[in-house]
Amino acid sequence: PADWMLDVINTALDGVDIYKVVHMCYGHEEGQNAVPDSGAMGSKIFPWAFDIHADQLQLEMASHNFEDTKALAQWPADKDLGIGVVDVKNLNVEPVAKIADWIRGAIAMVPPERVCISTDCSIASVRRIVAQKKLASMVAATELVRAELNG
Numbered sequence: 001p002a003d004w005m006l007d008v009i010n011t012a013l014d015g016v017d018i019y020k021v022v023h024m025c026y027g028h029e030e031g032q033n034a035v036p037d038s039g040a041m042g043s044k045i046f047p048w049a050f051d052i053h054a055d056q057l058q059l060e061m062a063s064h065n066f067e068d069t070k071a072l073a074q075w076p077a078d079k080d081l082g083i084g085v086v087d088v089k090n091l092n093v094e095p096v097a098k099i100a101d102w103i104r105g106a107i108a109m110v111p112p113e114r115v116c117i118s119t120d121c122s123i124a125s126v127r128r129i130v131a132q133k134k135l136a137s138m139v140a141a142t143e144l145v146r147a148e149l150n151g
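Residues 1 to 151 (this note's numbering) make up the sequence shown, in order.
Bear in mind the hints are in silico, worked out from the structure with no lab data behind them. Treat the hints with caution; some may be incorrect.
To be verified - Taking lysine-lysine pairs in the DSS-like style, the calculated list, with each CA pair at most 30 Å apart, reads:
no., residue 1, residue 2
1, Lys44, Lys89
2, Lys79, Lys20
3, Lys70, Lys44
4, Lys70, Lys133
5, Lys20, Lys133
6, Lys89, Lys133
7, Lys98, Lys20
8, Lys89, Lys20
9, Lys79, Lys44
10, Lys98, Lys44
11, Lys89, Lys79
12, Lys20, Lys70
13, Lys70, Lys89
14, Lys44, Lys20
15, Lys98, Lys79
16, Lys133, Lys98
17, Lys70, Lys98
Said to hold, decoys possible - With beta-carbon atoms standing in for the labels, derived distance ranges:
no., residue 1, residue 2, range
18, Ala77, Gly105, 16 to 22 Å
19, Met5, Lys98, 29 to 35 Å
20, Ala2, Arg127, 32 to 38 Å
21, Asn10, Gln132, 33 to 39 Å
Nothing here was measured: the structure is a model prediction, and the numbers come from that model. Using N, Cα and C, we set each Cβ at its ideal position, and we do this for glycine too.
Construct all of the structure, not just a fragment, from the sequences and the given hints.
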């Protein structure tokens with residue numbers, strides 16, 4: 001990643017006095033040439049991305065089977081973590097158990113009170129029936145892990 005990207009993002013966020021989230025992804029259906037599609041993104045953008053002046057970095061993780069989980073070990077204390085647990089580029093519905101395992105892996109690295117569960121990217125382009133099933137799976141897995149945490 002180039003430092004000019006940090007300057008652009010931070011300039012855009014400068015003076016914004018609300019909770020700021022920056023989504024980091026591999027691109028939507030057509031991909032994204034700026035980010036290589038092979039390998040985990042975390043090893044390529046951390047710690048560079050930690051200098052983004054946002055409260056939360058939201059990462060696309062489901063599409064790459066949570067390859068970046070180990071990279072979360074270096075997550076900074078001043079940032080919340082958003083994790084995408086639903087791959088919007090794939091019509092297969094993620095099983096509740098798989099999503100729950102991904103969430104458990106993330107909260108083993110970052111305290112659960114600083115983790116936000118979401119889809120990888122916008123789910124708007126996914127057929128409604130598929131989107132509903134994916135979101136139901138995401139919610140069920142989140143509730144399962146929340147119940148485990150709350151005893």
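Checklist line | Given hint Lys133 paired with Lys89 - CA-CA distance at most 30 Å | finding: Given pair Lys89, Lys133 holds - Cα atoms ~14 Å apart, limit 30 Å.
Check: Quick one: are Asn10 and Gln132 within 33 to 39 Å, going by C-beta?
Finding: At 37 Å between Cβs, range holds.
Note to self: Given a hint of 29 to 35 Å, does the C-beta separation of Met5 and Lys98 actually sit inside it?
What the structure shows: 32 Å, holds
Next item on the list: Below or equal to 30 Å on CA atoms is what counts here, so check Lys79 against Lys20.
Entry: 10 Å, holds
Notebook entry, point to check: Are the Cα atoms of Lys79 and Lys44 separated by 30 Å or less?
Noted result: 18 Å, holds
Notebook entry, point to check: Is the hinted pair Lys70 and Lys44 satisfied, with a Cα-Cα distance of at most 30 Å?
Noted result: 13 Å, holds
Checklist line | Distance restraint between Lys98 and Lys44, which requires alpha-carbon spacing of 30 Å or less | finding: Satisfied, since the Cα-Cα distance of roughly 25 Å is no more than 30 Å.
Check: Is the hinted pair Lys20 and Lys133 satisfied, with a Cα-Cα distance of at most 30 Å?
Finding: Holds, at roughly 29 Å.
Note to self: For a C-alpha distance cap of 30 Å, please report whether Lys70 and Lys89 respect it.
What the structure shows: 23 Å, holds
Note to self: Hinted pair, alpha-carbon criterion (30 Å max): Lys89, Lys20. Please report holds or violated.
What the structure shows: With a Cα-Cα distance of about 25 Å, the restraint between Lys89 and Lys20 holds, given a limit of 30 Å.
Check: For the pair supplied as a hint, Lys89 and Lys79, is the alpha-carbon distance within the 30 Å limit?
Finding: 27 Å, holds
Checklist line | Satisfaction of hint between Lys79 and Lys98, Cα-Cα up to 30 Å | finding: 25 Å, holds
The structure shown violates none of the earlier numbered hints.
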